Amino acid sequence: MHKRKIRVRLSSVMFGLAFAAVSWVSAAAYTSQTAGTDVWVSVVPRPSQERISVTVPAVIGFVVNGTADTQNQEALSTENGNILVPNVKVESVEGNQYTLVVEGSPTLVIKNYSTNVKEGQEDAENPERVGIGVKVTGTISSESTATGADGVPWVPIAEKPAETQEAFKNYRLSLGGKLFSKSVDGGFEMAEGIEIGAPPAEEYGWTAGGASLEPFQQELALGVEAGGTRSMYSKPEESVKAAKITWKIQAVPSGTNP
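Heads up: the sequence shown runs through residues -20 to -1, 1 to 238, numbered per mature numbering (1 follows the signal peptide of the UniProt record, and there is no 0).
These aren't lab readings, by the way, just hints derived from the structure by calculation. Here the structure is a predicted model, which means the values were calculated and not measured. A few of these clues could be false.
To be verified - Straight line, CA to CA, 25 angstroms or less: simulated DMTMM-like cross-link-like pairs of lysine to aspartate or glutamate:
| hint | residue 1 | residue 2 |
| --- | --- | --- |
| 1 | Lys224 | Glu139 |
| 2 | Lys162 | Glu172 |
| 3 | Lys158 | Glu59 |
From just these sequences and the hints, can you work out the full model?
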């Protein structure tokens, strides 16, 4: 059984209120000196009953399990077992010797509490609500800062990192198998969003604000690849990286919930 010493996981709750527009058309015919009908069209915004509430990870972290063996040329990835995420700590240090302790599974959890008013009850005084699915798309910041005594910054990239000295501390992320490989202003976005299922609002109810009392919870595997080889990461303080993720969240149209 894995040890669990880290009890705080940073998450951010995102709330959104969407608005839809409904048009009313009024026509007034009147007698004038010329034949014809005058028509006025007005568009009045009507607030939607949709409530988007999703808990997502705001920060991810990983540790490269390096080695002092200068002959070790292993490629670095979570798949190879030499990059550890997310709950890893250095338990003890004696000279150049240290122990890494894994305290959780390499997954992140997204919780969806989003709901909408049940079809046909849009104008009811106390309408029933149903859970709705969402699509989440993350972006990793391209901002790089130097960490460790070597002064080399961690740099996110879209391509698979090379096993070379030049690629040292380059890294690529994936979540739920979706790569952060689309270049956007300020970073790299997931090339494809992840659909999260609808919460059981009809079964468990909802808050006064419209969020489901129980979420749909989905675990997503976090994948990390790093450039260089294992022997290049010989110091623990130079082998740890934390990165910020920002999110775009969209409701999944009714009838297409995952």
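Hint check:
no.	hint	in the structure
1	Lys224 with Glu139	19 angstroms, holds
2	Lys162 with Glu172	9 angstroms, holds
3	Lys158 with Glu59	15 angstroms, holds
Every hint, counting from the list given before, is met by this structure.
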